[in-house]
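A.B. asks: Given next are the chains, with one letter for each unit.
2 protein chains.
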Amino acid sequence: MTTRGAHVLDAVVRLIARSPPEALSIRNVAREAGVSIAQVQYYFRTKDELVLRAFEHVTAALEAELDRVDRSGSPLEVLRRMILSWLPLDEPRREAVLVWLALTARAPTSPQLAAVAARMDATLRRELALGLRNAQAAGELPAHLDAETHALLLLAVIDGLSTQALAGDAVATRIEAALDAHLALLAA
Amino acid sequence: MTTRGAHVLDAVVRLIARSPPEALSIRNVAREAGVSIAQVQYYFRTKDELVLRAFEHVTAALEAELDRVDRSGSPLEVLRRMILSWLPLDEPRREAVLVWLALTARAPTSPQLAAVAARMDATLRRELALGLRNAQAAGELPAHLDAETHALLLLAVIDGLSTQALAGDAVATRIEAALDAHLALLAA
Numbered sequence: 001m002t003t004r005g006a007h008v009l010d011a012v013v014r015l016i017a018r019s020p021p022e023a024l025s026i027r028n029v030a031r032e033a034g035v036s037i038a039q040v041q042y043y044f045r046t047k048d049e050l051v052l053r054a055f056e057h058v059t060a061a062l063e064a065e066l067d068r069v070d071r072s073g074s075p076l077e078v079l080r081r082m083i084l085s086w087l088p089l090d091e092p093r094r095e096a097v098l099v100w101l102a103l104t105a106r107a108p109t110s111p112q113l114a115a116v117a118a119r120m121d122a123t124l125r126r127e128l129a130l131g132l133r134n135a136q137a138a139g140e141l142p143a144h145l146d147a148e149t150h151a152l153l154l155l156a157v158i159d160g161l162s163t164q165a166l167a168g169d170a171v172a173t174r175i176e177a178a179l180d181a182h183l184a185l186l187a188a
Numbered sequence: 001m002t003t004r005g006a007h008v009l010d011a012v013v014r015l016i017a018r019s020p021p022e023a024l025s026i027r028n029v030a031r032e033a034g035v036s037i038a039q040v041q042y043y044f045r046t047k048d049e050l051v052l053r054a055f056e057h058v059t060a061a062l063e064a065e066l067d068r069v070d071r072s073g074s075p076l077e078v079l080r081r082m083i084l085s086w087l088p089l090d091e092p093r094r095e096a097v098l099v100w101l102a103l104t105a106r107a108p109t110s111p112q113l114a115a116v117a118a119r120m121d122a123t124l125r126r127e128l129a130l131g132l133r134n135a136q137a138a139g140e141l142p143a144h145l146d147a148e149t150h151a152l153l154l155l156a157v158i159d160g161l162s163t164q165a166l167a168g169d170a171v172a173t174r175i176e177a178a179l180d181a182h183l184a185l186l187a188a
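Those protein sequences? They're chains G and A, same order as listed.
Using the numbering used here, the letters of the first sequence map in sequence onto residues 1 to 188.
Using the numbering used here, the letters of the second sequence map in sequence onto residues 1 to 188.
Since copy identity is lost for identical chains, a pair holds within one copy or between any two.
Calculated pairs, SDA-like style, for lysine to any residue (alpha carbon to alpha carbon, straight line, at most 20 Å):
#1 Lys47 x Ala30
#2 Lys47 x Asp10
#3 Lys47 x Ala33
#4 Lys47 x Arg18
#5 Lys47 x Ser19
#6 Lys47 x Arg14
#7 Lys47 x Ser36
#8 Lys47 x Ala23
#9 Lys47 x Pro20
#10 Lys47 x Glu22
#11 Lys47 x Ala6
#12 Lys47 x Gly5
#13 Lys47 x His57
#14 Lys47 x Ser25
#15 Lys47 x Ile37
#16 Lys47 x Arg4
#17 Lys47 x His7
#18 Lys47 x Ala115
No wet-lab data here; the hints were simulated from the structure.
Taking the hints into account, I'd like the entire structure generated from these sequences.
C.D. replies: In structure tokens form, the structure reads like this:
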């Protein structure tokens with residue numbers, strides 16, 4: 001981790017993941033990071049900047065999951081693993097996706113956060129479209145499916161299942177069953 | 001509208017829809033509603049109670065959309081209209097769905113908000129499963145699809161497309177195209 005002020009950003013992420021948004025203040029972040037208020041302000045001048053950098057920090061971590069995806073097996077298996085890598089099915093991803101949800105919810109009232117959300121969405125849609133085209137080329141998915149539209153739909157499935165996993169009452173096994181039901185529809 | 005303190009709740013909804021969550025305070029709500037702080041506190045003793053009642057207010061409004069859905073045409077057409085009625089494709093629903101997203105994002109750190117989210121999800125899943133079964137009975141959807149699993153998947157599609165519409169860069173026409181791509185997969 002070489003991001004400037006990464007230890008402070010990690011504290012921000014922990015705070016956002018476990019507290020209501022009002023708990024986020026330069027003072028609370030300093031306490032959580034175990035540094036002085038002046039040190040927090042040395043890296044991040046305002047709370048808005050801190051929130052923005054935390055969102056970039058978390059979206060970068062979720063995008064980095066891509067590099068860790070096992071690429072063995074068929075293109076459709078790789079696509080499935082890629083999608084699973086973004087779902088909050090274990091503790092570390094749960095924290096990252098919690099922060100994604102909290103800050104995505106702020107994006108409609110913040111052009112800066114909306115830009116980060118749009119950038120991440122574009123990256124994920126591009127990767128999903130590529131995965132879909134690879135599976136089409138391998139004959140695993142029908143050639144007539146429009147990869148762009150289905151990438152947007154898959155991203156919605158990921159975002160929606162993540163929200164269900166975090167905020168609703170759906171458990172991990174049902175989340176995975178719903179994803180597999182979607183992939184089965186695609187492959188039919 | 002006969003909810004106790006509805007004019008105050010409407011002010012809370014407007015504030016949450018357009019401001020970062022830190023802007024929510026008894027003081028700001030009183031100013032937005034044009035009443036005194038004491039009057040806000042007469043209806044809602046704490047800010048937590050106010051947020052909880054606002055979430056219930058908005059989920060009730062979204063559930064009430066069901067009663068306004070045009071029931072003419074085939075079961076699959078009715079199901080499509082039902083889903084569209086929950087997507088933030090015009091201004092009033094945009095406000096309601098913005099508040100849904102903001103408070104859903106808080107649910108993981110609040111058992112009370114999580115209970116409201118879970119209750120709404122259960123209602124929507126039940127309605128979606130019923131709509132799917134009606135379309136199956138009419139021969140519009142394959143009989144082998146598991147209605148419960150596909151209701152969860154459809155709810156994820158709704159939540160995910162809503163998030164895309166509010167926070168991402170996806171426009172209404174692409175949102176509707178993605179929904180139709182999903183329904184086409186189901187019907188295939």
